[in-house]
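Engineer: One letter stands for each residue in the lines below.
There are 2 protein chains.
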Amino acid sequence: MDKKGILIVVSGFSGSGKGTLMKALLAKYPDNYALSISATTRTPREGEMDGREYFFKTKEEFEKMIAKEELIEYAKYVENYYGTPRKYVEEKLAEGKDVILEIEIQGALKVKEAFPDTLLLFVTPPTASELKARLVGRGTETMDVIESRMNRACEEALGMDRYDYLIVNDDLDQCVEEMHSIIRGEHHRSSRNSRFIEEIREDLERMKQ
Amino acid sequence: MDKKGILIVVSGFSGSGKGTLMKALLAKYPDNYALSISATTRTPREGEMDGREYFFKTKEEFEKMIAKEELIEYAKYVENYYGTPRKYVEEKLAEGKDVILEIEIQGALKVKEAFPDTLLLFVTPPTASELKARLVGRGTETMDVIESRMNRACEEALGMDRYDYLIVNDDLDQCVEEMHSIIRGEHHRSSRNSRFIEEIREDLERMKQ
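Quick mapping for you: the protein sequence lines, in order, are chains A and B.
Residue numbering for the first sequence follows the working numbering, starting at 1 and increasing by one per position.
Residue numbering for the second sequence follows the working numbering, starting at 1001 and increasing by one per position.
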């Protein structure tokens, strides 16, 4: 089987708990996965460290990275750039690690376009009412905030079928196993193992003679 | 997630050990899987029981099943019919079991055409030389037999990339887990969960109002 890593994009509803899920997955299987670190032009918050939460860049540096095609995808939110540096991702894939990008649907689709083998995973709570409960919070949010969160969830739900797999985040441990098992399974896709198939075919032909 | 079973076709090189693999999978996970039983017009061999190894039919009965579209696929080898009865498969799928058909590539592609959601798995030894060793046997086969087995393996290899996943049969226990994990993963495909996606969308829209 192919030993090259798979590029994985994880998206999901805000409130789906995907951040916690990623952390648990990496803690349990540190040899299998690498989490991509984004580059950004926004100011570091207290406690954030360059190269851990983000690669912090000036606007000029970031635009140079864009020009040199050093980013797999990037976007601008509220005057700040966010993007995925290509080098780290390619290095880790070559090492045989599955590299996880935690980005939103627009970025996910851009990555899939550039790398058609990308695996797209969408994390969701088991039901809409549980999602709503998480979005509404503990009665401390204003109606405006709740409305804007619900609108966003409706938009996010429209993109769900563009993803390859749905990960239902109910019980955390079970969810980690589910995700790990889906990714392990993907390594066995015949479309990801064309070299293995070619080799078996050539060897059998040669042995026949 | 969708509770309906998945229709699974398992093919593989002769000598890949897929029969043993199926038995081990069903023994370990009897609640998850059902093995489809073929209908045939060939004479029962000693020890074979109707409804266990095969459903034994007369030529007339079999042709009536064809006419009534009671078979998902069928083929004729050496003057005998072999086919997959539809009723058993559909009953087990509705019960939520994943139903496994162990058939060859021509049948596999026919099933996939009739049921596009069918999952196609191909069982292979890890290398061509290991496959050859199994095909050649223990030095007791004539050159003719070996040549015909090698020719057949070369043909079978040509169809490998029509399958969704490759299952490398090296260690049996590991292989059972691999296969189970691939199938469990498939249940999470977004394309197999369109109803779940629809429900989340509708519920979120309704809750927004």
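Hints are computed from structural coordinates only; laboratory data are not their basis.
Everything numeric in this text was worked out from a predicted model, so none of it was measured.
Don't take each hint at face value.
As the list claims (entries may be wrong) - Straight-line C-alpha distance at most 16 Å; calculated EDC-like pairs for lysine to aspartate or glutamate: (1) Lys1208/B x Asp144/A; (2) Lys208/A x Asp1144/B; (3) Lys1003/B x Glu1069/B; (4) Lys1208/B x Glu130/A.
Stated by the list, open to error - Have a look at the derived ranges for each label pair, beta carbon to beta carbon: (5) Met1207/B x Thr43/A: 32 to 38 Å; (6) Pro30/A x Glu1198/B: 54 to 60 Å; (7) Asp1144/B x Gln174/A: 53 to 59 Å; (8) Gly1019/B x Asp170/A: 34 to 40 Å; (9) Glu177/A x Ile1146/B: 43 to 49 Å.
Cβ atoms here follow ideal geometry from the backbone N, Cα and C, with glycine treated the same way.
Engineer: Hint by hint, note whether the structure agrees.
Structural biologist: Cross-check of the supplied hints:
no.	hint	in the structure
1	Lys1208/B x Asp144/A	holds, 12 Å
2	Lys208/A x Asp1144/B	holds, 12 Å
3	Lys1003/B x Glu1069/B	violated, 26 Å
4	Lys1208/B x Glu130/A	holds, 14 Å
5	Met1207/B x Thr43/A: 32 to 38 Å	holds, 36 Å
6	Pro30/A x Glu1198/B: 54 to 60 Å	violated, 38 Å
7	Asp1144/B x Gln174/A: 53 to 59 Å	holds, 54 Å
8	Gly1019/B x Asp170/A: 34 to 40 Å	holds, 37 Å
9	Glu177/A x Ile1146/B: 43 to 49 Å	holds, 44 Å
Going through the hint list in order, the structure does not satisfy hints 3, 6.
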